[in-house]
Every structure is written in structure tokens, then in C-alpha cells.
Amino acid sequence: MANNHYDAIVVGSGISGGWAAKELTEKGLKVLLLERGRNIEHVKDYHNADKEAWDYPHRDHATQEMQEKFPVLKRDYALNESTLGLWADEQAHPYVEEKRFDWFRGYHVGGRSLMWGRQSYRLSPTDFEANQREGIAVDWPIRYEDLAPWYDYVERFAGIAGTREGLDILPDGQFLPPIELNCVEKDVARRIERAFDGQRRLIHSRVANITQPKPEQNRVDCQYRNKCWLGCPYGAYFSTQSATLPAAMKTGNLTLRPFSIVSQVLYDKDRKRARGVEVIDAENHQTYEYTADVVFLNASAFNSTWILMNSATDVWEGGLGSSSGELGHNVMDHHFRCGASGDVEGYLDKYYFGRRPAGFYIPRFRNVGDERRDYVRGFGYQGAASRLGWDREIAELNIGAELKQALSQPGGWTIGMTGFGEMLPYHENRIALDHGVRDKWGLPVLAISVELKQNERDMRTDMVQDAVDLLEAAGVRNVKGEEEDYAPGMGIHEMGTARMGRDPATSVLNGYNQVWDAPNVFVTDGACMTSSSCVNPSLTYMALTARAVDHAVEELKRGDLS
Amino acid sequence: MNRRELLKMITVATGTALVGGNSLFAFSASDECDRGFSAEDIQRLDELAETILPRTDTPGAKDAEVGAFMSVFVSACYTPEERGLFQQGLAQLDARSRAAHDRDFLSLDDAQRRDLVVELDREARAQVEASGEPHYFTLMKQLTLFGFFTSEVGATEVLRYEAVPGRYDGCMPYEEGEPAWAT
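Line order of the protein sequences matches chains A and B.
Mapping of the first sequence onto the working numbering: residues 501 to 1062, in sequence order.
Mapping of the second sequence onto the working numbering: residues 1460 to 1642, in sequence order.
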């Protein structure tokens, strides 16, 4: 093998891996970016980006054959004709559900940064302090102030549209102009603010869609097609392909290797350092070794931990990082699908133009300040108002020209929202290796055992009732609260399994995301989360990654990692 | 469609969620034998769809080839039980026509066909309300509306479609009669 040594190896090319590659290469390191799946080139490979429902034989619905091939994916919205091929092949990549877990994976360059929901919020000071204050799990080793400058840094580059609101529970950031609320949402916002004396607020969602062009990144501002998950030919939303990968490529320091399944971190027990990684080529099944001074694991929360579990097993039976007894434990997701919807009277002379990739957000208001519910933590709501379309029921019309005429025009306004709740880190919610089940490459798969507990169930009662109260207080009619089927994983926010902490005896990573037992191995994806907050987590992975890279390069310079 | 925007149930104007795709309807056992669709079946579906959504000053169901779409969707997206119910329904169209007018569905005149379809719509609504189980006409009406309004003809000539809006206006004036956005 000619040259298999790099300054740094990054495993995984999704949101956090893309950031690691960008930051490391921009700081002058030669970087190998490994991705287990195929390459998807920006714009060129977005084959469905300009298609509409009528371009698909089944109008973007799943066929029976697709449902058979994707028994997990079919449990939610994600199985459809337009995104087929962007979700991991379930036959080649099995896992074991000891309890039902909906694991929606993206195994290709860009990972789930291509399909993500783009909601981008900062964790609050309260989020970082809650574990310690409430005696839950372990304390975060960092505070909001440690991360705030890195939030600033990643927001400026990624481009987050939003408004400054001055809320302690949802810190402001470096925002581009917001994506507008429609007139009904603005009215409902005013009514909610009045009804709850400013203690509950309906604000613009904060999304990683740019509302001003970023010519330096070759990105055009949002064109309001609302087709982000198909890949955006304008580069208007943040993804690895649109933003971090081109930046890393531009340095000339990046080597991208798709079809590279990392089977373990190679551990040097004399130096107590990683010396590189072992790679199985997904296509030819050959094994390769790549060495580096520093390794970033960004393979997604469960897969980064899978790699650790499969590494250094001659030293620790449970793998690298298992000396804490916490590797694989404390799995979290955001539980959701609890909310309410109803009809808004009037505004029949108002409509909208363009399709927003955004809506509104109601920041957490429970257990804030002195309030103490019978559960801890809280939830936020995401929602939107719109006019009903052709799929509405018109009771007084059955068939014929009148029906066609009526359905061709917009119906009345509706508004709906769903809560996203914080899930506590429970030691017994865990993933583990199952050596009895192997994937296509003969590697052991993950067995997953995760469940909601009383705190989440109690919270869900409020998530429905508070949604009803908010809408009714705003004068919305026929308000219906709904709790729909939720299974862990559905939030597609897997977190935990290699948490950060202050003590090697109870955490896998230190305050800079370094594995305690191998400080030149960094884990900066969802695995590192010590608690989950209730806000969408990707922006936090970006900030943690940029911060960790900065630290890694400092330590490399000082020779601390060799 | 943003999965998290709304807790929205697609009722497709029939009181039940769209059958097929990911729906989870419990069906009482029915004929599971898949007979496929003949050219005449597609003609029947076209005529039925045209009765539900006729051509006026704008295109109708036949212009959007809704019959052919239904056959494709039912063949690929329905479970065998759902397919069975749908195909039984096709046979019923003829049986009902013969019972009432002594001729098959395709030979009915427009008024006869409209009367039959109105009757089926009433029956289907009553059944959905009483048992929650879709009638075969529920499926046909759903697919007619779905197939029509998501077709290029329906979306661009009956509804409004803007491929690249380029901007967002959340408070655009609207005058009654103007078409809805297709997407």
C-alpha cells in the first residue's frame, strides 16, 4: 500500500463528520474521510430534485414490494419513491430489536445531512445544568458558555434563518433573516402571547436554509420549493455536500473514500493511543489499514459506538471506552407525535405564495423558572398553519362538476403542531453487539433495547393538553388533541451511548469529546450527548465538532496526542 | 410535505385515510385472487372517474388518465386483501348496472351512470361511518381524487403549480374562485 498514513481520519460523512473534515483540513491536516456507503455528488446525483408527484409511477407512495424490503422504514413517512435509495438497505444492514426501535439510517456520502429536518436550535444553559441539579445520570463536563462561541461559528457558516427573541430557554444565535410566518400564524402568535402573558411564545422556526445567498460557498438562497430532502440544486440548505465537503475539498487536504466500512479502531496499548482504523471495502470485501495521529468517529450515534465496542477487545472485553461501564448505554431520542390541530376561522381572502421549508416553533415553557410538574424537563412544539387542499372532506358534495370545482379551490385554514420532548438518559436503555447475527460483511450487528419510562409518559400527557390549551387560547376552533403511535428511534435523533462526562469511571468521553482511554480518538456525533434537551440536536453536534477539532489540533501541536 | 409540520390525516374526501402505501387498515377477509386489469377494466375506471370528476371548462379525470393510474397503483401498492376488494368492486359495477338497467356499466348513459355513482357514494359513506371499513367505492373515489389532483394535468391545469416559486409570501391576497396550489 503506497501511502496509508494521514494526519487525521474521520469516520462518517454526515453532519458532524463533514464538519470534522472541514475543520481539520482547513487547519492544514491531511485528512482521510471514510464513508461506508456510496458517493452522492452535489447536484449531479440529485436525480429526483426536480420531480413532482406525477413523475413517479405511484405518485411517491410506497409499493408492497418496497414495504417488504424496508420493514422498518415503512413504519413512518420515510418510505416513498422520491427518497428511495437514500435510506440504508435493511437486508444488507440488519439489526436486532430486543424492543421495537425504528432506526432510520442513511449510508452514503452526506449521510442524513441530505434528508434532515434542518431545525436548528441551541441547547440552553439550563440544558447543560439539569443533570447535576436534578441528580440524573452524570453532569455535562461543559456549560453553555463553553459552546456558545462555537455555536456562533457554525451558525455563521451553515446559515441559519431565524429571529432573535431574547429567551433564556432558547438562546439566540447568528441568524439570517427568518422564513416568514404566514398571516394566520402571526395572528395566533399574538393571541398566544397575550393569553399567556408572554410566558409562552410562538416564534419562527430556526432552520438551516439560507435566506441570503452565500456566493463564497456557491450557495443560492432558498427558492421555496420545499424539496430539501431530495437534495437541493441551489445548495440552499446545509448539508455535507452543499457546505462542508466543498470547503474541505478546496484545501487540497482531503481524501474521500466511499464504500469504506470501519470495522475497528486500531489500538496501541503501549502508547494508549489509537494508531488508525481497519477498513473493510464494502464492494470487494478486502481489509485495509489506515493510520493517523488522530481519529474522529462521526459514524452516527449507534455506529460510532459500534466501532468502539469492536475495538481493543483484547484489552477490554467490551471494547474501547467500555471501562466506564457506560459504553452503549443511556440511549436517547426525542419522543414526539403528541400535539393538536384545529380550524382557524376567517382569513379566507388570504393565501400564500411559495412552499416554505419551515414553520413555527413554540419554545419549551414547562419546568422553566420555579415551575415543577410531576415530571422533569420539557418539550417544544413545531407546527404550521395552512389552507386545506383537495384532500379535504366536503360533506355536502358527493360527485360531479361541483365537487371538482370546490376541491380545486383552497379550503379553510387549519393549524397543527406536534411536541418534541426530552428523553432522560437511562442506563438500561442500551445497544449491544449481537455476535449471533452478522451483516453482509460478517460483522456482528447491534441489538437495541430502548423504552420510554414514566417521566416521558407523564410529559406526553402535557404535550397533548398544552397543545390543546395553546390553540384554544388563540381562538382556534374544533381543536383536537392527538397522541399518535411513537416508538423510540422515530425522532431520528439517536443520542447517548458514549456520553461525555467529568469522570472516566462514569463516562466514555471527556469534556473535549476524547475517549478517556485513547485521547486521540474523538467522538462528536450524537453518541456524545450527556442529556438530550428537547431541541433538535444537529446544530449542537456541529458546534461540539468544531470545538473538538480546535482542541485536537492544539494538542497535536503540543505533542499531547502522540 | 414536511413530516413534522402537521398532525394531518389525509382523508381524501372519503372519511378514511388513503388506502395503500402505508395504511394500516384492517380488512375483513375478501377475495384475494388477483385478476389483474384488462383494457376494459381501465375503461370502466375511466368512466367511473370521469363521473366523479368530469371535464368542464377544465380537464377531467379521463384527460388525466386516472383509470390507468388506478390500475397501476392498486396492482403495486395495495395488499392482496385491498386488491381483492377493489376488483370485486369492479365486478359489482357491472352487476349493479345490469340489475338496474339490464346493461353493463360501460353501456349506461351519463344520467344512469351518475345515478349509480351517487348511490354508491351514499352507500360507501354510510358504511365508513357505521363500521369504519372502506367500501370498494371508497377506494375508487379516493384513487380518483388522488390520481387526478396529483397528475400533471390536474396539478397544472386545474390546480395551480409553480415549479420554482423563488420567494415566500405568507399573506397573499386571495379571491374566491382562484385555484388552490397543487403542492
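Please keep in mind that the hints were generated in silico from the structure rather than gathered at the bench.
Ideal Cβ positions, reconstructed from N, Cα and C, are used throughout, including at glycine.
Each hint should be verified, as a subset may be incorrect.
So these bits of chain B aren't anywhere near chain A, every CB distance computed over 10 Å [unchecked claim]:
1. THR1515
2. THR1517
3. LYS1521
4. GLN1547
5. GLN1586
6. ALA1589
7. GLU1621
8. GLU1634
9. THR1642
Covered stretches of chain B, going by a simulated chain A footprint (3 or more residues, C-beta under 8 Å) [to be verified]:
10. 1527 to 1538
11. 1552 to 1561
12. 1564 to 1574
13. 1592 to 1598
Status of the hints after comparison with the structure:
1. Its closest Cβ contact with chain A, about 5 Å, brings THR1515/B to no more than 10 Å, contrary to its assignment away from the interface.
2. At roughly 7 Å, the least C-beta separation between THR1517/B and chain A is not larger than 10 Å, which violates its mark as non-interface.
3. Interface exclusion of LYS1521/B from chain A stands, the closest Cβ pair being 13 Å apart, more than 10 Å.
4. Chain A leaves GLN1547/B outside its interface by the beta-carbon criterion, the shortest separation being 19 Å against a cut-off of 10 Å.
5. Residue-level check passed: GLN1586/B sits 14 Å from the nearest beta carbon of chain A, beyond 10 Å.
6. Listed as outside the interface, ALA1589/B is consistent with that label: its C-beta sits roughly 16 Å from the nearest C-beta of chain A, beyond the 10 Å cut-off.
7. Annotated as non-interface, GLU1621/B brings its C-beta within 10 Å of a C-beta of chain A; the closest such distance is 8 Å.
8. For GLU1634/B, the condition that its CB be more than 10 Å from all CB atoms of chain A is violated, with the nearest at approximately 7 Å.
9. Not every CB of chain A lies more than 10 Å from the CB of THR1642/B, the least distance being 7 Å, so the non-interface label is violated.
10. Given a C-beta distance limit of less than 8 Å, the hint that chain A covers the region 1527 to 1538 of chain B holds, as 7 residues qualify and 3 suffice.
11. Here's how the region 1552 to 1561 of chain B fares: 0 of its residues keep a CB closer than 8 Å to some CB of chain A, so the rule of at least three is not met and the hint is violated.
12. For the region 1564 to 1574 of chain B, the stated coverage by chain A is not satisfied: 1 residues place a CB nearer than 8 Å to a CB of that chain, which falls below the threshold of 3.
13. Coverage of a stretch by a chain is defined here by at least three residues with a beta carbon nearer than 8 Å to that chain's beta carbons; for the region 1592 to 1598 of chain B and chain A the count is 0, and the condition is violated.
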